[in-house]
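K.L.:
What follows is each chain in one-letter form.
There are 2 protein chains.
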Amino acid sequence: MTLLHRETTVENMSIVSPEFEAPKKVTIEDVARHAGVSVATVSKAVNRKYGVAKATIERVNEAVRELGYVPSMAASSMRNSASNVVGILLAGFDPFATEVIKGISAEAVNKDYELMAYSAAIADDKTVGWERDSLIRLGGTILDAAIVLTPSVALPEVAMPIVAIDPRMGPGGPPSIACDSLAGARAATQHLIDLGHTRIAHIRGRTDLTSALIREQGYCQAIAEAGLPYDPSMIVDGGYRRNWGADATRKLLALPEPPTAIFAANDSSALGVMDAAAEMGLSIPRDLSVVGFDDVPECMYATPALTTVAQPLMEMGAQAYRTILSMLGHEDVENSLKVPAELVVRGSTAPFVAAA
Amino acid sequence: MTLLHRETTVENMSIVSPEFEAPKKVTIEDVARHAGVSVATVSKAVNRKYGVAKATIERVNEAVRELGYVPSMAASSMRNSASNVVGILLAGFDPFATEVIKGISAEAVNKDYELMAYSAAIADDKTVGWERDSLIRLGGTILDAAIVLTPSVALPEVAMPIVAIDPRMGPGGPPSIACDSLAGARAATQHLIDLGHTRIAHIRGRTDLTSALIREQGYCQAIAEAGLPYDPSMIVDGGYRRNWGADATRKLLALPEPPTAIFAANDSSALGVMDAAAEMGLSIPRDLSVVGFDDVPECMYATPALTTVAQPLMEMGAQAYRTILSMLGHEDVENSLKVPAELVVRGSTAPFVAAA
DNA sequence: ATGAAAGCGCTAACAA
DNA sequence: TTGTTAGCGCTTTCAT
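Top line first, the protein sequences correspond to chains A and B. In this text, residue positions in the first sequence follow this note's numbering: the first is 3, and each later residue adds one. In this text, residue positions in the second sequence follow this note's numbering: the first is 3, and each later residue adds one.
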């Protein structure tokens, strides 16, 4: 994240006072007083306009405008069942999550729901279970429904529709959307095999996610079918994270017989592979071929561009939103949707040549 | 957004019932009853643990665990002043917004605040004023502070720290972060001039945003300084939006003397230019050179890759978050920060050659 | 150390 | 058509 440390110049040196004086929050009561009616009448006038005299509505609206009144979400959603907000629950705004969000958002345009992407402040110790807490904390009141990204624990029963994207396995969960990780991982590994590599390593994903397990399985299948020997030292943990991917790579390359190609379970860790390679003076793809998984935009920014397995992230987000809408409308929905994954060959892979 | 319509296959045809039965939401009262204490005691025990007997805390915690209790955010934030949530208010999850969010998020890791990105459901008619409403609706209760993206109206006085990114002009607003649009726009236009173009069009941004106005100004300056004639028909509206950019392009190319190069005020509209060009059978950059502004990831996906002016979006987000944190800590902050913009030449621009 | 009670801003019965 | 009365789930004096 060196991007975050570019120089910046202060344009205007004037200092602003940190005091936030009298913010006079306008409540429904103020409006009622101003309009000379009761709070209940204001509430009715502001929401559904039936059962209120035309003239009264006028007067209330005027008071609302004059005072700049906007109903407090916390209060109304507590009393109300509906908040008209669909939540997107995630562990952090990483490239994967933001792509999915774009897809959800594109689908949500001109629908009646607002979107709220919520990222729990995840202490390093408790990286698990955040989905559960967020769901309960926001559910029922602030949210009418939720799309949960890569949940790794069983989701609690809550009083609203839920859809999971790339969830952990287990039967009986909420409807879910995932891509065909097995085929994708096989294609990635096969690509490396086709290039003539025989020492192909795999950097695992988060072991609490089915998708990661399946990708490992796809890797193993391809290796086995090609008649290549199974070498446990070629499989290391990467946790779907960039720096873990770099660590794993250092470990791998320190082996007596290091791999000539690496298939990482996602792009972030594949980018980590490239970090480590660069740091060790290795050239990609000449000295090492790398394949990722997901196809987040960052793949194109890497040098060379990262060969990866494309997951239709935006499409998955859009699907999730459509499913949520169906559930909100009490329609039946498919329990589990699988979308295709596709190998995208770019510059980070090359035919194997014996070391100089 | 053709991406959103890829084929998908149903993996599991089992249908899930849309009924969400008895979700037994666990309230503080349930915990109190279960633990044999009062709700007040539970509240104290759960929050600050002073004034409560050790044994009682134990008992309460056990009840919490057994029942799976999580405090409702709506309720507690209504009664409380602090919610520990920093909001990001935006008009939609477009590429610009998501890049900024990534920057904020990277900076927010391991801080004590949760992040909540909120996108109002913007009816097509009322695309203005959403920031005001969102701010008031969520402020004070659900949010402790807010970062507002490209607000175009004066932000209301609210009882919490606010930072604006790329806001409309006007004195006396909240602290703001923006890039040097003037220099960026001049560089973009100059690049086109250097390539030999003389009929250079400009597609405006949102006219309610200072940044857009300044970019237009930069364009005009560069044109004037090069001694090129000023032609008002070469400047059209694009609203920072992709389809508007396409519309503008059709208009431009239908002119008796169409431009040979276009500088669009942002990448989305520049991508729209490419859409329109493709649709009309024009080759970029052979028949038409295009420059954008922002450098969102999508630039790299375009064919050819889009020449653009890079705004350090992630850096701007990070800055905004740092500023918010300072304000939350009652420190003084700079009123207005300007970060540099930088021309990035890629494949969508080429030297001018007389038409075949 | 604990509990009773008031109330945050709002909506939904029910009365008037 | 309007106002009165209860709360939603939680925190917080203020008694006990």
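Just so you know, the hints here were simulated from the structure itself, not pulled from any lab data. Do not take every clue at face value.
What the hints assert, rightly or not - Examples of chain B residues toward chain A, derived with CB under 10 angstroms:
1) 42
2) 43
3) 68
4) 95
5) 120
6) 347
Backbone N, C-alpha and C define an ideal beta-carbon position, used for all residues, glycine too.
K.L.:
The structure should be examined with respect to each hint, and the outcome stated for every one.
P.N.:
Status of the hints after comparison with the structure:
The beta carbon of residue 42 (chain B) comes no nearer than 19 angstroms to any beta carbon in chain A, farther than 10 angstroms, and the hint placing it at the interface is violated. Interface restraint check: residue 43 (chain B) against chain A, minimum CB-CB distance 21 angstroms, threshold 10 angstroms, status violated. The interface hint given for residue 68 (chain B) is violated, since its Cβ lies 14 angstroms from the closest Cβ of chain A, which is over the 10 angstroms cut-off. Restraint check, residue 95 (chain B) versus chain A: the minimum CB separation of about 4 angstroms is within 10 angstroms; hint holds.
For the restraint placing residue 120 (chain B) at the interface with chain A, the shortest Cβ-Cβ distance is roughly 5 angstroms, inside the 10 angstroms limit, so the hint holds. Using the Cβ-Cβ criterion of 10 angstroms, the hint placing residue 347 (chain B) at the interface with chain A is not satisfied: the shortest such distance is roughly 16 angstroms.
When the structure is compared with the earlier hints, violations turn up for hints 1, 2, 3 and 6 and for no others.
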